[in-house]
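Each chain, written out:
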Amino acid sequence: MNQPKLPLRACVLALVLAAAACGPEQAQHTPTAQVAAGDAAFADTFRAKLLDAKPGDVIEVPPGRYSFDRSLTLRVDGVTIRGAGPDKSVLSFKGQKAGAEGLLVNASNFLIENIAIEDSKGDGLKVNEGEHITIRNVRVEWTGGPSTKNGGYGLYPVKTRNVLIENSAAIGASDAGIYVGQSRDVIVRNSRAEFNVAGIEIENTVNADVYDNTATNNTGGILVFNMPALSQQGGAIRVFKNKVFKNNTANFGAKGTPVASVPAGSGVVVNSNDDVEIFDNDISDNATTNIIVSSVYSTGYKDDKASKDFDPYPERINIYGNRLKGGGDSPDGFDLKALKTALYGLSGQLPDVLWDGYANKQRKEGPQICIRDVSGVVNADGPGGYKNPSKDVKPYACELTKLPAIDLKRG
Amino acid sequence: MSMRWVVAVLVSLLVAGCSKPQEAPRAGEPAAAALAADAPWAPVRFFADGQPEDLAEWNLLRVAGGRLQLNRGVLPYELNTALFSDYAHKLRTVWMPKGQAANYQPDEEFDFPVGTVFSKTFYYPRGEGKAVLRSYDEGPDLRGGGLQLSQVRLVETRLLLRRDNGWVALPYVWNREQTKAKLMRGGELVSLELVGADGGRETADYAVPDQNQCAGCHGTDMKSKALHPIGPKARHLNRDFAYDDGLQNQIARWTQVGYLKGAPAPQQAPRDANWHDPAAPLEARARAYLDINCGHCHSPKGPGNTSGLWLNAATQEPLRLGRCKLPIAAGHGTGDHRYGVVPGKPDESILIHRMRSDDPSVMMPELGRSVVHEEGVQLIRDWIAAQRGECG
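Same order as they appear, the protein sequences are chains A and B. Just so we're aligned, residue 1 is where the first sequence starts under our numbering, counting upward by one. Just so we're aligned, residue 1001 is where the second sequence starts under our numbering, counting upward by one.
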C-alpha cells in the first residue's frame, strides 16, 4: 500500500482550522405550519378523554392549536387519537412545565393519525411497551429549528412490537427524529425527517423495513444502531428506496448520546448491527460520506468489561444497487478530515462508503461486509489509530442472502 | 348495596373531570372546618367502584377542631427513606377492612387484601405569609389528634385503593380554605414559594399528577400495566413510629393491630437506611435513596428499563447501576457527559446532572418534582466521589 501515513497532522490541522468556517452550507429551517389557537377548554377535555378512554374509543382532535403545560398520558389499549391533519390539529407543548414528553403512551393497538405535536420539552410522542402501534400522518416538530435544547426524540416507540410509522414527519429533534428502539417487526415508510441530529434511527430492533422515506438536513440521515446493555440486540434491518441527501446539519446532539458521535454529513450509518441490507436508495451529497459502517468502538464504548455479552462488530452488511452521488467532500471532525486529505488530497473526496475497520478477528469468515455499486470504500483503520487506512475494495466482494420483507400481517 | 352508595357513585361519575381547583365552599354549605374535634364520625367507607368527588366521602381523613384527623383504624406510617417531592412532607396512612390482613413479603410490597386504602397527604409547614418551609420531613406531628392546620398547608391527598381488579389511584387537591379536597383527575400545577432555613427562597411549580401519571411511578411493571404500592415494603417500613401510646416498630404494630400476618420479628426483616441519618453507612444511604426515588422505574420491569440503568435495591451489577454505562436515549439529558456514573467524579456523571436539573426534559425523576433536592444530590455526589476506578 502506498498511502501516506496520517501524521501530516500539523499542516492538515492548519488547513482544517482555516476551513472550519467553510463546512457544508447550513440549511435553514422554517416552521411547517402556523395554526391558530383552538378552543382553550379543549385541552382539559382532551386530557379527560385520555383518562376516561375505553378500548375502541376514537378521540378526535378538532382543527386548532391546543396548549398543554404538562405532559399527556394514555394507558388504555385499543384507542385511536385522530386529528384533522398534521397542519390543522396541533398539540402544542410550548412553555411546558412538567413531564418528560408531550404524549406518553403505554398501550397496545394504538393508532394516532392526522395530527401534530409541537415543541415538547422532552420527547414528542413516546410509546413505551405495546403491540400493534400505528403512527400515521403525524408531524412532530420543534418549531424553532435545530437546537440542543429541543426534546430528544420525535416519534419514539420503544419496547414495542408490530409497529407501523407512515406518512409522518419529524423535525428538529436534538437526538433522533424517528427513533424505534428495542422493538420487533417494524415498518417506517413514506416519512420525512429533517433537521434532527439523527433523521431516522432504528436501535436494538429486530426485523425492520425502512423505505420510501426522505431524510435530509439532519446530521445523519438514517441510522441503524446497536447499543450494549439493553434488552435485546438488533438485526435483520432493510433500508431501501429512501432519499437520503444533504444531511449536513452540524451535530447539535449533547455529548454522551450515541448520536453525538455521528459526524455531520453522514447519509446512512450502520453501527454494531448485524444483518443489515441497504439497497435501491438515492443517497447523495452527504459531506462526510454517503454510507458509514462502524462499531460501537467508534461511538465511545471502549470498556470491554462493560460489554461482555455484546457483539460490537457489524457483520453481514449487504450494500448494493444504490444510486450514490456527491458527498465525502467535507468530512466532519479532525480524524476524518485528515483521513480524506491524506488519501484523496485537499480537493478530493471520501468514497461512498467508510468503514471504521473494527472486526472480530476470531470470526473465520470475516465481517462479511459486502459492498457493490459504489465509488469506493475506505477502511479507516480505527483499531490502528487511523494510521493505516486502506482503499482496497476486494474485501467487500462477497455475497449474502437477502433478508425477507417485513410482514406486519395487517391485511 | 345501599341506595346512598349507588347515588354517590352516580354523582361521582357524572361530575368526574368537571371539578375546578380551589373551589370555595358554597354559601349555606356547612364548612367542614366548623366540625368539632369530637364530632361523631362514621367508619371508613370503602368504595368498591366509582370515584368519589370529595375526599371526605371516604371517612378516612377530616378537618375538625383545627386539625386533619385520622379516623379509627386509619394507621399512620413512615418510610425509612422517602421519595423526594419538592420538599413536601407526607402523612401516610393505611386502612384495611375488618378482619383483613396483608400477607408479609420480604422483598416486594406486601400482598394487600381487597379493600385496602392507602392515603398520602402532601403538606408543607407554613412560613411567613403565603410561603411554605423548605425542610426535611421528620414525620407527621399527630400529637393532639392530627396535623395542626394552623401550622401546615395541605396540598393534595392521594389515595391508592385495592379493588377487585387491582390498584386504583385517585388524586384529591385541597382547596385554598383548607376545608376540603376535591378529586382532580386531570391534576394541576400549584405554585408554591419555598423558604429555606437560611432564608433562601425558590418557587416550585408543584405538579399534582393526572390520574394516568400515577402510573408513571406506580406502574412498576410495564407489561402488566398494573399499579402497585411502592412504599409498603418491609425494607421501607421496618422502623419505629411515634404512635399515640409511644414508639413502636411499624411491622410489629401492623401485626399487632391485625393488618399484617406472617411477618418475622423486625430484626429479621430487611431494613433500608434512612438517607438522612449521618450514622448510617454512605453506601446504604445512597442505595436507599436511589431505590425509593428511582427504583420504581429503573428496574428490570419498570418504565425506565429502556435505558438499561437499574437503580432498585436488588440490583448489584455495577454496569446496571450506571458505572461507566453509556446513556441510551437520554438526549440532551446527558449534559455532555459520557457515562451514568464516573467513579470518583460526580461532576462528570449523568446521574448527578439529571438530579440537579429542574428542566423537565433533563431531570430525574421525570415526575414529582420541580425543584432540586440539594441534600439528595449531595448524598449521591458523595457516593460517586467515594467510588474508585476508571471508565475505559
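Hints listed in this document are in silico derivations from the structure and should not be mistaken for laboratory results. Note that the coordinates shown come from a computational prediction; the quantities given were computed from them, not determined experimentally. Think of the CB as a built atom: it goes at the ideal place given N, C-alpha and C, for glycine as much as any other residue. Incorrect hints may have been included.
As the list claims (entries may be wrong) - Here are the computed distance ranges between Cβ atoms for each label pair: (1) B:E1128 x A:G144: 47 to 57 Å; (2) A:S147 x B:P1281: 57 to 67 Å; (3) B:R1388 x A:G85: 53 to 63 Å; (4) B:V1372 x A:K409: 17 to 27 Å; (5) B:P1097 x A:Q232: 36 to 46 Å; (6) B:N1165 x A:Q232: 37 to 47 Å; (7) A:G384 x B:G1392: 15 to 25 Å; (8) B:G1392 x A:D392: 53 to 63 Å; (9) B:E1375 x A:K409: 27 to 37 Å.
As the list claims (entries may be wrong) - Looking from chain B toward chain A, a few residues come up when the C-beta cut is under 7 Å (computed): (10) R1045; (11) M1222; (12) A1226; (13) H1228; (14) I1230; (15) G1331; (16) S1357; (17) Q1378.
Against the structure, the hints come out as follows:
no., hint, in the structure
1, B:E1128 x A:G144: 47 to 57 Å, "violated, 41 Å"
2, A:S147 x B:P1281: 57 to 67 Å, "violated, 43 Å"
3, B:R1388 x A:G85: 53 to 63 Å, "holds, 58 Å"
4, B:V1372 x A:K409: 17 to 27 Å, "violated, 48 Å"
5, B:P1097 x A:Q232: 36 to 46 Å, "holds, 44 Å"
6, B:N1165 x A:Q232: 37 to 47 Å, "violated, 31 Å"
7, A:G384 x B:G1392: 15 to 25 Å, "holds, 18 Å"
8, B:G1392 x A:D392: 53 to 63 Å, "violated, 31 Å"
9, B:E1375 x A:K409: 27 to 37 Å, "violated, 54 Å"
10, R1045, "violated, 23 Å"
11, M1222, "holds, 4 Å"
12, A1226, "violated, 11 Å"
13, H1228, "violated, 14 Å"
14, I1230, "violated, 17 Å"
15, G1331, "holds, 2 Å"
16, S1357, "violated, 11 Å"
17, Q1378, "violated, 23 Å"
Going through the hint list in order, the structure does not satisfy hints 1, 2, 4, 6, 8, 9, 10, 12, 13, 14, 16, 17.
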